[in-house]
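Chemist: Taken in sequence, the protein lines are chains A, B, C and D. When we follow the working numbering, the leftmost residue of the first sequence carries the number 156, and every step to the right adds one. When we follow the working numbering, the leftmost residue of the second sequence carries the number 156, and every step to the right adds one. When we follow the working numbering, the leftmost residue of the third sequence carries the number 156, and every step to the right adds one. When we follow the working numbering, the leftmost residue of the fourth sequence carries the number 156, and every step to the right adds one.
By construction, these hints were calculated from the structure, which means they are not laboratory data. Treat the hints with care, since some could be wrong.
A pair holds if it fits inside one copy or across any two, identical chains being indistinguishable in the list.
Claimed, not checked - Dumping the calculated BS3-like pairs for lysine-lysine here, alpha-carbon to alpha-carbon at most 30 angstroms:
(1) Lys442 x Lys568
(2) Lys568 x Lys459
(3) Lys459 x Lys210
(4) Lys298 x Lys459
(5) Lys378 x Lys298
(6) Lys212 x Lys442
(7) Lys378 x Lys212
(8) Lys212 x Lys459
(9) Lys568 x Lys378
(10) Lys298 x Lys212
(11) Lys442 x Lys378
Protein chains: 4
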Amino acid sequence: MDFSASPRAADLTARVAAFIAEEVDPVEEGYHRDLAEQRRSGDPWQPLPVLEELKAKARARGLWNLFLPAEHAGEYAARFGTDGGQGLTNVDYAPIAELTGRSAIAPLVLNCNAPDTGNMEVLLRYGSEQQRTEWLEPLLDGKIRSAFTMTEPGVASSDATNMEATAIVDGDEMVINGRKWWSTGVGHPDCRIFVFMGLTDPDADRHHRHSMVLVPRDTPGVKIERMLNTMGLYDEPLGHGEVSFTDVRVPLTNVISGPGMAFEIAQGRLGPGRIHHCMRLVGLAEKALELACTRALSRAAFGKPIANLGGNRERIADARIAIDSARLLVLNAAWKLDVGGPLNALSEVSQIKVAVPNMAQQVIDLAIQLHGGGGLSDDFPLAGAWTQARALRLADGPDEVHRGVIARLELGKHGARR
Amino acid sequence: MDFSASPRAADLTARVAAFIAEEVDPVEEGYHRDLAEQRRSGDPWQPLPVLEELKAKARARGLWNLFLPAEHAGEYAARFGTDGGQGLTNVDYAPIAELTGRSAIAPLVLNCNAPDTGNMEVLLRYGSEQQRTEWLEPLLDGKIRSAFTMTEPGVASSDATNMEATAIVDGDEMVINGRKWWSTGVGHPDCRIFVFMGLTDPDADRHHRHSMVLVPRDTPGVKIERMLNTMGLYDEPLGHGEVSFTDVRVPLTNVISGPGMAFEIAQGRLGPGRIHHCMRLVGLAEKALELACTRALSRAAFGKPIANLGGNRERIADARIAIDSARLLVLNAAWKLDVGGPLNALSEVSQIKVAVPNMAQQVIDLAIQLHGGGGLSDDFPLAGAWTQARALRLADGPDEVHRGVIARLELGKHGARR
Amino acid sequence: MDFSASPRAADLTARVAAFIAEEVDPVEEGYHRDLAEQRRSGDPWQPLPVLEELKAKARARGLWNLFLPAEHAGEYAARFGTDGGQGLTNVDYAPIAELTGRSAIAPLVLNCNAPDTGNMEVLLRYGSEQQRTEWLEPLLDGKIRSAFTMTEPGVASSDATNMEATAIVDGDEMVINGRKWWSTGVGHPDCRIFVFMGLTDPDADRHHRHSMVLVPRDTPGVKIERMLNTMGLYDEPLGHGEVSFTDVRVPLTNVISGPGMAFEIAQGRLGPGRIHHCMRLVGLAEKALELACTRALSRAAFGKPIANLGGNRERIADARIAIDSARLLVLNAAWKLDVGGPLNALSEVSQIKVAVPNMAQQVIDLAIQLHGGGGLSDDFPLAGAWTQARALRLADGPDEVHRGVIARLELGKHGARR
Amino acid sequence: MDFSASPRAADLTARVAAFIAEEVDPVEEGYHRDLAEQRRSGDPWQPLPVLEELKAKARARGLWNLFLPAEHAGEYAARFGTDGGQGLTNVDYAPIAELTGRSAIAPLVLNCNAPDTGNMEVLLRYGSEQQRTEWLEPLLDGKIRSAFTMTEPGVASSDATNMEATAIVDGDEMVINGRKWWSTGVGHPDCRIFVFMGLTDPDADRHHRHSMVLVPRDTPGVKIERMLNTMGLYDEPLGHGEVSFTDVRVPLTNVISGPGMAFEIAQGRLGPGRIHHCMRLVGLAEKALELACTRALSRAAFGKPIANLGGNRERIADARIAIDSARLLVLNAAWKLDVGGPLNALSEVSQIKVAVPNMAQQVIDLAIQLHGGGGLSDDFPLAGAWTQARALRLADGPDEVHRGVIARLELGKHGARR
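The shape of chain A in the complex, shown without the other chains:
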């Protein structure tokens, strides 16, 4: 059980920390102010220019596509990654993800944001050469963005077999119909490609019914119906959209790994993605606790710093325990993934998916409370952070489904068949 980053990863982590301190932190407050202004009197979906500037700086420092997995990065690590390197293990990348999670823009700036990282990984592992040339390379290059369209508004998507959207083989074409929502990333003007998941063959065995298909955004029949908000926030410039697909036709060569392979691909995609999500949330919670401590020491009431009133110190202690526990759980899941692959880490990945967003929600809520009314406003990044943590209790599978997985594995040790 060795959670130590390699020397190369430790060096990269330090460099990411320096980059964020020197380039991101100084502009972040202004970024949010400008974005708020653009919301009032402009088009918030038009990315602010500072993002491209920061991307160039990050790339120049060799801090680009750090998410590339050691196992599958192959030639791409050398061409689009850092220092001609080989990609990082999950344990190596975790502390970097934590650092980027402290900032609302760092993931984007380092080309390490969801859902693009997951989509790139899918293409790395399962994409044809043509698919990789056409879509993976510009994604790695930061020239285009992508979306992942799976969840549907009409059914309980926590059960994948509920999926109603279809991807039907018709000669050498795939015909796509259905309605998706919470498709993250579709708001960005550079979002050129959707990874679509739909039902292909209802008669196949449970794990070979669905396909994953690359659908260019400008294909006829694709329509972004609206952008959705979570607790009032639209998460510009990526955003979450509701998208309808009406008799959309793409060549069969756009199917990833062939019809019926969506389940297998999704399994491989989700493990590392959940590590990233959770580790970013650990960073976000750490940031919130810092803000909480700073505020608690700088404001006074009843003759004392707020920190010294009532149960505040106990809650700060509990937050520290909760964050450290969560980080260790994520590192453990990352390590199990590294040493034995997804099937070795099923329980552990579900564990962090339950534990980390709940932890983050609790820590951020404490920070909000210590900030008083201001904590709920956009004067501080806390309301947005809370919303992000809350949304993660539903995105990528609700808590309840993950608890079900953990319990099934636990009871399985004692002979339960499911």
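Once you have looked at the hints, place chains B, C and D on chain A.
Modeler: Quick look at chains B, C and D alone, frame taken from chain A:
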């Protein structure tokens, strides 16, 4: 310990229920849709016409200013209230407040919304005849609206002695300086009058240092700096503003009950106000539980209605217990207030201020979770409801301060002096 | 919703309070010391003489069998009750139960302890004249004691249909076989009669399969296998036993209300019994909070009374809220029972069965923590109190079963059939 | 952050697992039955012979004194330890401690039980040669046992400065007076030596006022006043005693490391001791979860295994998350202790002291609930396990004190001086 409403109150409650079912429910979804549209392409602070239409209908049905307290309503109950009646006790009004809390617009439509109710009560109890004629009557008439400006951005307002804004006597004028925020109601175009609280005499005893002053919104030196949002929501058309007061001068006759009387007035204001807030939250939680049950029965996953999966039934049961407990606690506080006044209900009022928003937050969170992603969007009233509950854990005193009051009284029974 | 006790009940409550203060409190500590001594060097199942002395004093003061229900007390209230009175409603009796719950011996001393009260109620409502003469009268007279044998060691007794013990009609006899445990009361030397529940007709409809039978303890084939402890405590002199029944024969006239009627009887028995249990726990929690406050004020650490350290005041406040909520919930269930009978209070009775023991556990745990190591020892009544609360989360149906009932009723409002 | 055990430690861990499976598990149930019998009709403080038999077997297998710390074991590891080895690091020993924690007797049998391990460590690190020869060697040899007397009944011992017992230098003697309780181990007939802590010089600086003194049990003036129980359990044969010291005189050479050094010694003693305690609790919780799963699968209600009812699977999942989090936190504290000593692990050690007993309490409570009434009896080891976890929330410093340490360190990062 008798929590039964009087026959007259029971009749009014039934009529309010009918009014909401017949007039409010059918238009509420459209109201929110229109407001969202106005946010995108108009001025959301311009109240939608349906509000005035509903106000007229409510008044025509004799459902107007039902909040008027039996004790202080006096002649006003006859002139502006219902059925020439005498105002209601807290126990009588509580079930009505619960009903209005189920809707985002019902309180406004019945002229029973915060902060106007609290301000009207202050004027009823402590206003001079002139103040009542000039401000109370148009408020009761629904012609103007008001705001309450107390909390300040620069200090921890949980401790009232931190207040930095000043109201200094200068001859026959009050000179007002300072900055307030979370001033609810200032966004409404009809908001004509602010109840301002500031420091008058730092050398007076702790309970006679501050004054409450009526400041017309258009007085020179009054500036609404910005509107604040909570978790991204602006609560139009009332809203919460940050307001600066720079050398604002009003006649001494605008001081309520004389200089130095703010503390006493605030004490009287807060008890019933907290009952109203909390009872509305009980209604909101009840509404959320209804939505949760409906959704849990209508969506299926893994071959069953969601209601029958995992711990969902247990959580629904816990929500029922939590709501019923909370309602009983509020009724108990209302009853103690009715039979013995504010000093008789100090602990009870603080108890509900802690218990009810936390309960509502938990119940609404469950409803969100059962709605999946949609629960976080504005397709359902849940995200807004959650935000309202969360904000109440800070507004009118944070949880921690109220827990402090309860503990002081509890330990006082065993000899602790404070 | 009127939770006020009648004047007669209020008078009785005051007299019970005085009796406990004057007669019980002064001897209680000594009672526990003597019992501990008897455990070391005697027979703890031999009741200490002080109990009979106190019973005589209570009866002399007219404080005897106060549990007698207004509805069913009939002539017995006059003969064995108080002041020739008529029995009390649940709302009337609740505050008395709360008072007795503060003491480990008061319920016994007032002839108001479980399981005898429940058994007496069963005989009052369903017993034949012969049964009442033979068993009810001496029970009301405090001459004998009884036990209730339902739960079984070999199956999950939370599901009554699991019951394996049998009560088979054989001519004019009932033949009884099976093994029961957690049979409360069997340790007492005066325990002369068991109310036994067993399967009579597996082919009858679900609600008419079981019978309730009066089995004198000295019937051949009845054997007390052992006494059980909860967390090390035996609850002498009543105790909880494991009892085997081997070809036990009693006359058919010992069946209560006829074969197959156990389900109906059990339903009627449980409502008031749960009110009593829960209200006693409210009293116990109230007592624990008093001890907690006293200790927190009298011990100092780091230069302050413990009460003023960290989150202690907040926890004391939460305890106050929790106790008051719980009491109101019980009063509400009592009131619903009084005005509409058991079917009117199904959810409410299950609500208190879940909420109250959990509340008591939490409050008592706080009191233990504030007492430090001593809180876990028998120097204070807290460890025993905690165990009592914990046991109630299982006795009379585990939390989970009651949550199931509440959820079924809640979802039923929205059309769910079960 | 490397939590991997060394190959030698991994081998020892496997051998301990085998020993427990082959020698301890088969006799444990009988051990508890015999002990219960001895409680009823004998002297439970007389250790059962099986303990000495198992000790001999463990030693023969080379599984003896495994707690010996790599850093300080020195020659003793070779003479009294395992395989002529060098002692283990905290990370190495943690999995062994977890295994022993699953059994109530394994720690004793491997000579690895508290408080002897802590006392031996103190003598290893701070004992004079004479002290080591006289007391350490027989302890390592398993010939005698020891107790640690620090906590006092008359004051809040969470604040060490409250300590009232004295150890006064009088010529070449130490004169000891005072009363201690919760002195673990004093019940064992082989307990020959007490480590006593008392006030020597009230005028010295805060960290040099107290001394630690070796007091042979049979010194005149030492009296074991009584044995204490926790929730009714006496933890025979070690037990927890209340001990009075009246004008007890021992030679100055019995002072460990010289007068005034108690604070420094205590600091060094507590880190590893808390690792051991917490890791044993992790094992105990793991055992409880196994019992819970087994029971949940083997009992049925309402037509299903209990495991599949309501929220049981979710709770089992939460228990798995909680145990794994707790284990990782302990390993992290152990690793920080190993790489940087006690000062490097202050927060981490306090974190586990808070988190692990609370976790264990929750997991064991779930196991109790799934066992129904039996879970509270001594038919299962759960009630005892729960009590052990609960007691650890007070022993070695209450939760609140440890939360205070964590918060002080956390706020210290942001400039708070204390």
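Chemist: Which hints from the list above does the structure break, by number from lowest to highest?
Modeler: Result: hints 3, 4, 7, 8, 9 and 11 break, sorted rising.
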